[in-house]
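Spelled out from the first residue to the last, the chains are:
Number of protein chains: 6
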Amino acid sequence: MENVTVSKLKPDMTFTGDLLVRTADRRTGKTGRDYLDFTLCDATGEINAKLWNVDGMNWMPVAGQVISVESGIESFNGRIQMRINRIRPATNPDMRLLVPSAPESPEAMRALIDETVASFESEDLRRLVLELIAMAGDRLNYFPAAQRMHHAEYAGLLHHTTGMLKMAEDVCRRYPFLNRDLLLAGVIVHDLCKTEEMQSDAFGSVSDYTADGILIGHLVRGVAWVEEAARKTGVTGEIVLLMQHMMLSHHGEPAFGSPKLPMFPEAEALHWIDSLDARMNEMQTIQERTPAGAFSERIAYLDDRRMYHPRFPAPDQP
Amino acid sequence: MENVTVSKLKPDMTFTGDLLVRTADRRTGKTGRDYLDFTLCDATGEINAKLWNVDGMNWMPVAGQVISVESGIESFNGRIQMRINRIRPATNPDMRLLVPSAPESPEAMRALIDETVASFESEDLRRLVLELIAMAGDRLNYFPAAQRMHHAEYAGLLHHTTGMLKMAEDVCRRYPFLNRDLLLAGVIVHDLCKTEEMQSDAFGSVSDYTADGILIGHLVRGVAWVEEAARKTGVTGEIVLLMQHMMLSHHGEPAFGSPKLPMFPEAEALHWIDSLDARMNEMQTIQERTPAGAFSERIAYLDDRRMYHPRFPAPDQP
Amino acid sequence: MENVTVSKLKPDMTFTGDLLVRTADRRTGKTGRDYLDFTLCDATGEINAKLWNVDGMNWMPVAGQVISVESGIESFNGRIQMRINRIRPATNPDMRLLVPSAPESPEAMRALIDETVASFESEDLRRLVLELIAMAGDRLNYFPAAQRMHHAEYAGLLHHTTGMLKMAEDVCRRYPFLNRDLLLAGVIVHDLCKTEEMQSDAFGSVSDYTADGILIGHLVRGVAWVEEAARKTGVTGEIVLLMQHMMLSHHGEPAFGSPKLPMFPEAEALHWIDSLDARMNEMQTIQERTPAGAFSERIAYLDDRRMYHPRFPAPDQP
Amino acid sequence: MENVTVSKLKPDMTFTGDLLVRTADRRTGKTGRDYLDFTLCDATGEINAKLWNVDGMNWMPVAGQVISVESGIESFNGRIQMRINRIRPATNPDMRLLVPSAPESPEAMRALIDETVASFESEDLRRLVLELIAMAGDRLNYFPAAQRMHHAEYAGLLHHTTGMLKMAEDVCRRYPFLNRDLLLAGVIVHDLCKTEEMQSDAFGSVSDYTADGILIGHLVRGVAWVEEAARKTGVTGEIVLLMQHMMLSHHGEPAFGSPKLPMFPEAEALHWIDSLDARMNEMQTIQERTPAGAFSERIAYLDDRRMYHPRFPAPDQP
Amino acid sequence: MENVTVSKLKPDMTFTGDLLVRTADRRTGKTGRDYLDFTLCDATGEINAKLWNVDGMNWMPVAGQVISVESGIESFNGRIQMRINRIRPATNPDMRLLVPSAPESPEAMRALIDETVASFESEDLRRLVLELIAMAGDRLNYFPAAQRMHHAEYAGLLHHTTGMLKMAEDVCRRYPFLNRDLLLAGVIVHDLCKTEEMQSDAFGSVSDYTADGILIGHLVRGVAWVEEAARKTGVTGEIVLLMQHMMLSHHGEPAFGSPKLPMFPEAEALHWIDSLDARMNEMQTIQERTPAGAFSERIAYLDDRRMYHPRFPAPDQP
Amino acid sequence: MENVTVSKLKPDMTFTGDLLVRTADRRTGKTGRDYLDFTLCDATGEINAKLWNVDGMNWMPVAGQVISVESGIESFNGRIQMRINRIRPATNPDMRLLVPSAPESPEAMRALIDETVASFESEDLRRLVLELIAMAGDRLNYFPAAQRMHHAEYAGLLHHTTGMLKMAEDVCRRYPFLNRDLLLAGVIVHDLCKTEEMQSDAFGSVSDYTADGILIGHLVRGVAWVEEAARKTGVTGEIVLLMQHMMLSHHGEPAFGSPKLPMFPEAEALHWIDSLDARMNEMQTIQERTPAGAFSERIAYLDDRRMYHPRFPAPDQP
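Protein chains in written order, with the working numbering: chain W, 18 to 335; chain Z, 18 to 335; chain C, 18 to 335; chain V, 18 to 335; chain H, 18 to 335; chain X, 18 to 335.
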């Protein structure tokens, strides 16, 4: 029964599989016996669960932990509930089944980045970029790209970055006067400092911005990181300045956090690809929750516009 | 010697080939004999030319005409001058050698558009788009995309449109939730009414805007054209509205002429692709005239920024 | 008792007259007998009503219908209630008594428009305008001018249009260099496409905007209508372009939906007269609900200002 | 020959009439004899003039003076020149023939204002307004309404004010909830402090703004004037505040000098009538110098738009 | 026990001292006996109080009155309550203990202003300023500087003014080309008309803006006051204009209520000092309620920024 | 005669002293003999100079060099000219006499900074600031604060910084909740990276911005410098972040280059002091060249306002 998702559980089913613990409490029942009360979830929804027999249990599941359960599904007061029979810490759980996640695995996405860096003609640029990736460290594997709006999901930062990488390859092919090394390097590093800007748990869920994020921000922090990476790798000269400018200008204008406008074509293209990838992700999400032929509510972060979900290519009337 | 361009002419060379007449005047020399004084040009530059023997010449070249000449090059007062020996109207001249031009021929670019339309899954959309192309007529073959800035060149409108078409195919592949028919149709028609907005000569040089362009503009005129095309083809329903909205919203915001923001994903993508293609064309032009390692002057239509031409991947110091 | 309005009903009165059905439900009473429960209204308010004896009733009143009733007024749980004795569909009800309405009848207002069109010196303009009025059809008789704010009432669109017509005659007299035909034609047609922009019931109450209204809007739709009207009437030339420009520019600036600013004096005057008539209607409404000597709350659609109701010419202190 | 204007003078004509002295210089001719050299003008143009015989002349015309001349017209070096035979100071010259002027006489315009004030129902308001008019004094007779743009002419301030008065009467009739006394009083006084804001000569030509105009401006100075007028007349209470608010808010928004938006309907109407009258005057001037069927240049003070002069009701093609 | 503040009261304490009456009601208890129910406060908080024995009491305390009480503190339903034993009107209460107040007494602050005025070199300026202070009258002693935000406290207007005076002395010393008389005079009078703009009770608590405040505002009212003061004192000339300009321009730009920008250095300095003093007061308040190392919520009147309370110079980690 | 300045030279004077070479050319006179032609200047103006006898001269003065001359002053074609008798490289010239300069010597200003740093209570902050000063190096001694506008002079950066330091001490005294160390440290370092942003010669004259200045700017470069200084000094923790934020936010808003608004009180105060010092310097300069009682032209960098130079405390009329 491992393929059943939480959203599809019904009374009298059994469920065996991994779930994420949202809340876990030890309580005392009316009969005076202790039991464990959980909220458990996967990427499709959440369910209340009880473990009635806690005698001899020598560990306590905590919020944020993934557990493996064998259980039955019951109906209680009109709502379904999980009665846990066996429970243990999960081994090697698949995050993408448990929380909103990028469609590819972090490993696969990092592999694309690694291949791209390996293909650079410029040795200096390769060393700079590898150093910057190393500075972000393991956080890169699970960080989202934002607290809300686009790519707010497990590994969303890699999702956004690799989506941009593919688009950037296309843009380089269409406008061959662009320098591929420069544009792709900009794509890979442009949002790395989001790992300094936000506090994310291991599931890509952001609780708040950091002091560094509020007082400095990921664009300017990115400039300082490039400085540091250049020092560590011994790379000097124009390429360092170019990478710093791409970090700084990728939001495109002062009102959105870039004190400098993009001033060479690859910086401009980076800004454009960043915006497009974010915008398409946002619009796909809105379209998926708006019926065909209908308008969404006003969307504040899209300049307050309403989005229409065309029926086309279906016929006009449902 | 047909491959010599005007920019490379030097004294004592001969030149045989086609040139465009910018000015043509019949004058009387100091000896009392009439001669013809021309300014002639190709895409690389212009030159003064004289035809001293006009006896028995039974036609008069006029500005805007292409002529075929056999001539010698002389030095006069420190500037080179062409002495024309034989002259006749050109037969089947290649416009792209004579004025700034799109890199591909109009025929080749129109073929790409035709293939794209032929590939549409929606018969209604195909009929609408073909009708709209027909409404633009032959002007589509030589019109520029703008009076200044991007794609201000012979067949620049086709250049811009087909550049966008290629990019749009990439975008559809990267964001498969987009409807390819809809986006590509939007690309093909979005600027067709520039042929109503500006007055262009047959070489793609714009002298002024039309009354229709100033009072209505190509976006709103485009909406009226779609209405007309729908009536002629009998296409009805949502697809007509979608195409009108793409026409109207492709400049992205009221301040740039779109009273409505793009409200479905393909309309948004159209706006982004339009902006990118225009921007890349502008920046390439600026980069080509700015030495590596230097900054351009402030560019008014790029929000007054200066553009930098990176030396990279060349070494830092020249 | 026909002159009694709903707002003035009191226990033990009788009421005979026409009312609009807001809601109508067949219910079963505690005794097991069916009865009809209504919300009925006129322009001054609404009242709950019961029809206890439904036996042999072979029709069912529905929301939006006008009915003629004979009834008594009772007090129930501290609120007044209507007990209906006789009920039938109303014949030829006067809408202006039933919902907020323009002060003049649609017929009278249309007569003013007809006279104005008949007085045009330009035959072309007369044909264009008559065709456009015909395209709006019967909706013109009951449509409001807006969902909220100004002239949100039965026949409010005619109210707004004829108010502007009178003002425009004055403006023409004061600034005789203006062309009367052109300005008055612009006034008559400028908001006709609001009938495409909003969904109104027959009482001038708007439930929502249409897809056409959201994606295109009444200004640009108006341009397309003029194109269509010109085709149908065979009118060609500058006058078509002038009418399209007045349609498009009457909101005065891009931020309010006009991608083109008014570019001839009559277009400018149209914009000003439109603004004044809307503004005076809004301010009169606010003044009527604000006591003399007091300020209103902040009004969002008046740039967040508070309005003052002067005591003048009354003495300062009440 | 008194009806000939300067713009129509031709060689061998004689001219007898009044002209305004723009410049006047005593010079010494080649023969050693002194002569007077003038630039003289009327409302249609200017001409160079010489008075060769200055012996026994016991007065010297100065710039800004109006003189009566008898003269002949000659041609000199291809330009016409006036040879003055007799000259004397003009008695009771008609300013409107000599400089750009309001179409009505100052006396006639002031009479309209006086009648309007006399018709006020409110005695307090009449006294306030009369006091304010008195504070402006004789300057009101010749002041223009602006240095450039609208009503920059002799008595232009009265022209603007009386044009608004007529329009305001219409507005009161169309929107009868407005208080006529209040609106008309506002119209009469709204620009009186332009006489403190600018330095005008007696012909309504403004050389510069005053220190008061630059540091305070006519709106706020108007508030202080109302305070002063109230003190002098003993008028107190709400009406003083209302008049001050109309003074302050008549430019409609902070960006145009009004720190307060109009907050009662008459203040709003005043702003609207002021704007319309100024705008119509500007547009009429532009239209008069733009050929039918053509566009003007971009007009900076009309938000950079170009104005179109319609051919309508004339046929399309000239 | 007079030193105990309301915020520190605990059950079984006694309290003797002055308190401000926020609400006062006569009620009938369950036993049928009347009692008085109060909300009483000092600057630190408020408490419910009862006076059970009202027989023979020949006066009734009212909201806004200061009373002297002898009382005991009790616990009732988990909240503390005051049981009043003796009550009488307070004699000469110290406002600063009862409401949020400026740190210095009004008398001390007015003395600083008086000394400053006495030190002016310009006799004209001294007379003007003294007259303006007199026009504000006693309200100056208790008025706050604002309804909310900065210096919203008893005598806050004096607090703000004297804070600015001290800073202005420093600025004059640092930039000696500034005229000290002019700048200090500007500081003293710049906000005097806030006493006309708002309705404050005697404790510096503002209930609303006045009609004068909404329709005219304290900047423009200030200009009229200077005019009046000049008339009364007989001061004329440039100094009157300078003072009016400082009144009018001290908010620095049209969007904040100044139709004129500061146009001489002392006017500019006045604007800056005003802004700094207000801003520092606001920020100090925010910092005091934000823990070290934490961020405040977004502050609307600080352009929506969050404020950080540094731990420095304390060590980083608590 | 060493005290004579260039602006006071007259024919037949002699001049002995140091001058700065603006241009220096070796030319051949009409007689065939070579001579040297110079433009020489001091802080008050410039003069053409000739050295006729160049035989045996074994060095050539160059632009930017300071020379010591003995010379006579002559009149030639109505303009004065210097005839040089003896010339040698200057030894230890006083820059402040030769170009527009800060009123104090660089040494004196650096001493103030050094004393201030020495007075810090925080050892960490002292080490950070000293390292940052060291990174700016000797350029700090002569750099101006700007290319134009405020403190565009020799050692103008020190002038601006020390002016702010004094003001900041006052601000700390007036608002004692501010941390003195933090604010003064911010003042000292805030503009240090202007030495990276502009190219200045040794006289404080800026020819252009650097690539670093255009692509990154002194605010963001300052953040990177603080990072570097922290690494070198081993300082860590909140203080590093605070200094980086002050660097980044000191222009106060995104439109002026600060992507983050000041978020703690010392950062806000730094911004205010920076603006005031710049503004006062600009206004003093304008006032010095505007006669009392007159207005300046419109000043673009002061939001296009005109500045008034008050006559006060002098009597009104000159």
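Rather than coming from a laboratory, the hints here were simulated on the basis of the structure. The beta-carbon is built from N, C-alpha and C at its ideal position, and this holds for glycine as well. Certain hints may be false.
[To be verified] Derived BS3-like pairs (lysine-lysine); straight-line CA-CA distance at most 27 Å:
{"#": "1", "chain 1": "C", "residue 1": "K249", "chain 2": "Z", "residue 2": "K249"}
{"#": "2", "chain 1": "V", "residue 1": "K249", "chain 2": "H", "residue 2": "K249"}
{"#": "3", "chain 1": "C", "residue 1": "K25", "chain 2": "C", "residue 2": "K67"}
{"#": "4", "chain 1": "V", "residue 1": "K47", "chain 2": "C", "residue 2": "K183"}
{"#": "5", "chain 1": "V", "residue 1": "K25", "chain 2": "V", "residue 2": "K47"}
{"#": "6", "chain 1": "Z", "residue 1": "K27", "chain 2": "Z", "residue 2": "K67"}
{"#": "7", "chain 1": "C", "residue 1": "K47", "chain 2": "C", "residue 2": "K25"}
{"#": "8", "chain 1": "W", "residue 1": "K27", "chain 2": "W", "residue 2": "K67"}
{"#": "9", "chain 1": "H", "residue 1": "K67", "chain 2": "H", "residue 2": "K47"}
{"#": "10", "chain 1": "W", "residue 1": "K25", "chain 2": "W", "residue 2": "K67"}
{"#": "11", "chain 1": "X", "residue 1": "K249", "chain 2": "H", "residue 2": "K183"}
{"#": "12", "chain 1": "W", "residue 1": "K183", "chain 2": "Z", "residue 2": "K25"}
{"#": "13", "chain 1": "Z", "residue 1": "K25", "chain 2": "Z", "residue 2": "K67"}
{"#": "14", "chain 1": "W", "residue 1": "K249", "chain 2": "X", "residue 2": "K183"}
[What the hints assert, rightly or not] Label-pair ranges, simulated between beta-carbon atoms:
{"#": "15", "chain 1": "Z", "residue 1": "L129", "chain 2": "W", "residue 2": "G310", "range": "44 to 52 Å"}
{"#": "16", "chain 1": "V", "residue 1": "R100", "chain 2": "C", "residue 2": "F194", "range": "38 to 46 Å"}
{"#": "17", "chain 1": "V", "residue 1": "S122", "chain 2": "H", "residue 2": "S224", "range": "38 to 46 Å"}
{"#": "18", "chain 1": "W", "residue 1": "E63", "chain 2": "H", "residue 2": "R96", "range": "35 to 43 Å"}
{"#": "19", "chain 1": "V", "residue 1": "S122", "chain 2": "C", "residue 2": "F194", "range": "19 to 27 Å"}
{"#": "20", "chain 1": "Z", "residue 1": "F273", "chain 2": "H", "residue 2": "R165", "range": "36 to 44 Å"}
{"#": "21", "chain 1": "Z", "residue 1": "L129", "chain 2": "W", "residue 2": "E140", "range": "32 to 40 Å"}
{"#": "22", "chain 1": "X", "residue 1": "T227", "chain 2": "V", "residue 2": "D321", "range": "33 to 41 Å"}
{"#": "23", "chain 1": "Z", "residue 1": "E270", "chain 2": "W", "residue 2": "R165", "range": "19 to 27 Å"}
{"#": "24", "chain 1": "H", "residue 1": "S224", "chain 2": "C", "residue 2": "P330", "range": "50 to 58 Å"}
{"#": "25", "chain 1": "W", "residue 1": "D225", "chain 2": "H", "residue 2": "S122", "range": "41 to 49 Å"}
{"#": "26", "chain 1": "W", "residue 1": "T227", "chain 2": "V", "residue 2": "E314", "range": "36 to 44 Å"}
{"#": "27", "chain 1": "H", "residue 1": "P332", "chain 2": "X", "residue 2": "S85", "range": "28 to 36 Å"}
{"#": "28", "chain 1": "H", "residue 1": "P332", "chain 2": "W", "residue 2": "W76", "range": "31 to 39 Å"}
Each hint, compared with the structure:
1. K249/C <-> K249/Z: holds, 14 Å
2. K249/V <-> K249/H: At roughly 14 Å apart (the allowed maximum being 27 Å), K249/H and K249/V satisfy the hint.
3. K25/C <-> K67/C: holds, 19 Å
4. K47/V <-> K183/C: Roughly 70 Å separates the two Cα atoms, so the pair is violated.
5. K25/V <-> K47/V: With Cα atoms ~31 Å apart, K25/V and K47/V exceed 27 Å; violated.
6. K27/Z <-> K67/Z: Cα-Cα ~16 Å, so holds.
7. K47/C <-> K25/C: Not satisfied, since the Cα-Cα distance of roughly 31 Å exceeds 27 Å.
8. K27/W <-> K67/W: holds, 16 Å
9. K67/H <-> K47/H: holds, 14 Å
10. K25/W <-> K67/W: Status holds; Cα separation ~19 Å.
11. K249/X <-> K183/H: violated, 41 Å
12. K183/W <-> K25/Z: violated, 43 Å
13. K25/Z <-> K67/Z: Cα-Cα ~19 Å, so holds.
14. K249/W <-> K183/X: Violated - the C-alpha atoms of K183/X and K249/W are around 40 Å apart, more than 27 Å.
15. L129/Z <-> G310/W: 44 to 52 Å: Since L129/Z and G310/W have Cβ atoms about 33 Å apart, the given range 44 to 52 Å is violated.
16. R100/V <-> F194/C: 38 to 46 Å: Distance hint for R100/V, F194/C holds at roughly 40 Å.
17. S122/V <-> S224/H: 38 to 46 Å: Given range 38 to 46 Å: violated, Cβ gap about 55 Å.
18. E63/W <-> R96/H: 35 to 43 Å: Because 39 Å falls inside the window, the suggested range holds.
19. S122/V <-> F194/C: 19 to 27 Å: holds, 21 Å
20. F273/Z <-> R165/H: 36 to 44 Å: holds, 39 Å
21. L129/Z <-> E140/W: 32 to 40 Å: holds, 39 Å
22. T227/X <-> D321/V: 33 to 41 Å: Holds - the Cβ-Cβ distance for T227/X and D321/V, about 36 Å, lies within 33 to 41 Å.
23. E270/Z <-> R165/W: 19 to 27 Å: About 23 Å separates the Cβ atoms of E270/Z and R165/W, which means 19 to 27 Å holds.
24. S224/H <-> P330/C: 50 to 58 Å: Violated, at about 29 Å.
25. D225/W <-> S122/H: 41 to 49 Å: Holds, since D225/W and S122/H (Cβ atoms, about 44 Å apart) stay within the stated range.
26. T227/W <-> E314/V: 36 to 44 Å: violated, 55 Å
27. P332/H <-> S85/X: 28 to 36 Å: For S85/X against P332/H, whose Cβ atoms are near 58 Å apart, the range 28 to 36 Å is violated.
28. P332/H <-> W76/W: 31 to 39 Å: holds, 37 Å
Of the numbered hints stated above, those contradicted by the structure are hints 4, 5, 7, 11, 12, 14, 15, 17, 24, 26 and 27, listed in ascending order.
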